[in-house]
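With chain A held as given, fit chain B onto it using these hints.
There are 2 protein chains.
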Amino acid sequence: MTLPHTAVETPVFMPVGTVASVKAVPQHLLEELGAQIILGNTYHLYLRPGHELIRRMGGLHRFMSWHRAILTDSGGFQVFSLNELRKVTEDGVEFRSHLDGGKHFFSPEHSMDVQIALGSDIAMAFDECTEYPADYARARKSLDLTLRWAERSKTHFDAHKHERPWNQVPSHPSPAAQDGAPASNMPPEAMPSLFGIVQGGMYKDLRREAAERLVEMDFPGYAIGGLSVGEPRELTREVIAETLPYLPKDKPRYVMGVGYPDEIVEYAKMGVDMMDCVLPTRAARHGLIFTSEGRLNIKNRRFAEDHGPLDPECGCMVCQRYSRAYLRHLMASQEPLAAVLNTLHNLAFYLNTMQRLRDRLDTPLPPE
Amino acid sequence: MTLPHTAVETPVFMPVGTVASVKAVPQHLLEELGAQIILGNTYHLYLRPGHELIRRMGGLHRFMSWHRAILTDSGGFQVFSLNELRKVTEDGVEFRSHLDGGKHFFSPEHSMDVQIALGSDIAMAFDECTEYPADYARARKSLDLTLRWAERSKTHFDAHKHERPWNQVPSHPSPAAQDGAPASNMPPEAMPSLFGIVQGGMYKDLRREAAERLVEMDFPGYAIGGLSVGEPRELTREVIAETLPYLPKDKPRYVMGVGYPDEIVEYAKMGVDMMDCVLPTRAARHGLIFTSEGRLNIKNRRFAEDHGPLDPECGCMVCQRYSRAYLRHLMASQEPLAAVLNTLHNLAFYLNTMQRLRDRLDTPLPPE
Chain A
1 MTLPHTAVET
11 PVFMPVGTVA
21 SVKAVPQHLL
31 EELGAQIILG
41 NTYHLYLRPG
51 HELIRRMGGL
61 HRFMSWHRAI
71 LTDSGGFQVF
81 SLNELRKVTE
91 DGVEFRSHLD
101 GGKHFFSPEH
111 SMDVQIALGS
121 DIAMAFDECT
131 EYPADYARAR
141 KSLDLTLRWA
151 ERSKTHFDAH
161 KHERPWNQVP
171 SHPSPAAQDG
181 APASNMPPEA
191 MPSLFGIVQG
201 GMYKDLRREA
211 AERLVEMDFP
221 GYAIGGLSVG
231 EPRELTREVI
241 AETLPYLPKD
251 KPRYVMGVGY
261 PDEIVEYAKM
271 GVDMMDCVLP
281 TRAARHGLIF
291 TSEGRLNIKN
301 RRFAEDHGPL
311 DPECGCMVCQ
321 RYSRAYLRHL
331 MASQEPLAAV
341 LNTLHNLAFY
351 LNTMQRLRDR
361 LDTPLPPE
Chain B
369 MTLPHTAVET
379 PVFMPVGTVA
389 SVKAVPQHLL
399 EELGAQIILG
409 NTYHLYLRPG
419 HELIRRMGGL
429 HRFMSWHRAI
439 LTDSGGFQVF
449 SLNELRKVTE
459 DGVEFRSHLD
469 GGKHFFSPEH
479 SMDVQIALGS
489 DIAMAFDECT
499 EYPADYARAR
509 KSLDLTLRWA
519 ERSKTHFDAH
529 KHERPWNQVP
539 SHPSPAAQDG
549 APASNMPPEA
559 MPSLFGIVQG
569 GMYKDLRREA
579 AERLVEMDFP
589 GYAIGGLSVG
599 EPRELTREVI
609 AETLPYLPKD
619 KPRYVMGVGY
629 PDEIVEYAKM
639 GVDMMDCVLP
649 TRAARHGLIF
659 TSEGRLNIKN
669 RRFAEDHGPL
679 DPECGCMVCQ
689 RYSRAYLRHL
699 MASQEPLAAV
709 LNTLHNLAFY
719 LNTMQRLRDR
729 LDTPLPPE
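First to last, the sequence lines map onto chains A and B. Per this note's numbering, the first sequence starts with residue 1, numbered consecutively. Per this note's numbering, the second sequence starts with residue 369, numbered consecutively.
Each hint can be trusted.
Derived lysine to aspartate or glutamate pairs resembling DMTMM-like cross-links, with alpha carbons at most 20 Å apart: (1) B:Lys667 <-> A:Asp100; (2) A:Lys103 <-> A:Asp113; (3) B:Lys529 <-> B:Glu420; (4) A:Lys299 <-> B:Asp468; (5) B:Lys637 <-> B:Asp618; (6) B:Lys617 <-> B:Glu634.
Bear in mind the hints are in silico, worked out from the structure with no lab data behind them.
So that you can see chain A by itself, here it is in the shape it has in the complex (with noise of 0.2 Å):
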C-alpha cells in the first residue's frame, strides 16, 4: 500500500495515537518497535488542539514529528460514543465536548475539512456508527443515511485534497526537521486517499448492500466498522466472514477497532488488511500485559520476585532489558515508567505478530 509519506506492508496494526501522541511512547521508538502507521482521532485532534492549529504547523506528521504514516478516523465513532446528548439530523451531528461542554457540529463535509487541515494519508468517509443492539429497521435506517454521507464526504474530499497542510508553511527553523522525513519535503503530487466504510449493523444483506453501494462509490479501500461495539465475539467474526467477500480483494480492507491478539490473527488471516486498536496501549497503562504464553496482569503478587522478562519469546526491547519483577514494582509504585515501559511491550508483541504474518510464517492463534 502506496502511501504519501511511506510505504505499508500489510496485513497492518495501526497503534493509536489519540491526540498526537501514542500514549507514553516517544516517536524514535515507535519508530523502532517498526510502526509503519499510526491512527489519529479527528474527533479529539479537532477539539485540541484544533485542525486550524495543526494546519497552521504543517499537519499532524510535522506537529508530532511522525514521518511515517497516518490514518485519521472522521469523528463519527467519538461523537456517537463520548456524547449522550448529540443531535443527528441528514446534514450532519451536533454533539458537545466532554472536555468543556461547548456545542459543536460535524457533517460530511467538515470531517473531510478537518482531516485534509490534519494531512493524514488515509482519511475515513463520516459515518453514522450503529449502535448494539439495533433491530433490522433502524440498522437500515443508520446505513442509509451512512451511504448518503458516504458520497457527500467522497465528492467534497475530492474537490479539497489538493490543499495539503505540509505544502503551506516554510521550513522548521531547527536544525531537528532535517531528521528523518520532514512532512514539508513530501511531493507535491502526493494524494492522500479517502476509504469508504461499511455499516449495517449485524445484518449480512445490509452489509453486502453496503459493501456493493461503497464499491460502486470507488473508494480506493475500504472499512468495515461497527463492529466491537458489545456484541458477542463470535458476531464479529461472522459479520467479517461475510462482507469481506464484497470488498475487492485489490484493495486494502480494514476491520477497525480490533482486537486481542488472537483475533487480529484470525482476521488477517481471513484477509484484513488493517486494524486498529487502542486495547494493546491502554491495556498496558492498567497493567494487562500481552504474552505468547496468554495475557498476564503485571500487577499480581507472583511476579514480585520474577527474574524472568515479560514474555521469553519476545526480543522487544523491554523484554531484553527488564525483569517481570521490576515492572510489578514500577505498577505497585505508580512510577510513569510502568505506562511506557508496559506499552513498549504490548506494542512489539503486536507489531512483531503483524510482521510473522507478513513474513508468512505459521503464525498459530496466540492464547485467548
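Structure of chain B alone, referenced to chain A:
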C-alpha cells in the same frame, strides 16, 4: 572517581531515581543522555519494594537494570522531611511510613544494612538533617548526634560491606542479562564506599568542626548536607564556600540536593565534584523547562504555535525532533509523553552543562 560499577568523571550531576526509576525515563535513554551515576532513595526503597526483596533480586542495579553507578542516600533526609511524628533518640529514629502509617525504626546500623542490601556503589552515613532555622545550641546538639552516628555508620559499614547482593544470585534466566554489563559480573573484590556528611546548620565554626572530625574518621568522600532546606540562596553558597576548604581536594566533595542550573555551575566552579537534585525531573513533569536562555513554562499559551525547539542551543533528542508547540500540546492534553520528553530535555540540559565543565569549556552561568 572509580566505583564498583563504573568510573565516574567529575564534576557530575546525579539524576534522582527515587524508587528505582528516574521518573518517566527508560534506562537506555538515560544512558544515551550520558548519565554516569544516579541516586536512589533508601527510605523509599526500604518501604517499597523493600531492601530484602532487592537483595534477593541481586541488588538495585540488577533489579532496575542499570549498569552504571548508583549512590544511595541514608534515608535520614526523608525520615526527617516526610515525618512529622518522628521520634529521635541516641539509638536512631522511629518514624511512620508515608504509605500506610506503619511504624519503622532507622538506626545508623540499619541504614547501612539497607544500603548494603541495595548494593549501591556509594552509601551515605546516617545523619540528622538539621532543620532551618535552627539556633546555635540546637545545631550543635544535632551535629554531635550526626558525628556519633557517622562513627557508628562507618564501623558497621566496614564490617559488612563485603556482603554484596550481586554475588548472591544466579545468572538471569533470560538472554537479557547479557546486554550491557550485568551486575552479577562485578569483580568479587569491588567494594562500595561510604561517604561522611557534614552538618552544622548555617554556622561556620560548626561546619568546620564537622568537616575536620569527619576527615579524622577518614571517609573516601565527603558530602555537605543540610542545605536547600529553606535558607536563602546566598547562605547556601556561603556555607559551601566556608566548608569546602576543610575537605580534602583529592577526595570527592558532594553537595546534596542542589540545585538550579546556575547553582550547579557555580558550585562546580568552586570545587564541588558531585551534586544531585530532583529539580530537573520534578520541574519537567510540571512543564518547567531549563534552557540556555533561562526557564520557560511550556504550558504557556505563547508557545501554542512555536515551531522552535525547547532550547535552540540544545542538541538533545527532544530538541532535535519536537517543537515547543507540540510539547505545549502534550502538557495541555495531559499526555503521559509530556513527562517523558520534558524530563529527557531537562536532564540533557543538566548533564550537558556538567559535560561542558568537565571539558573545561568556558561555561557562563546559565540565566536564573
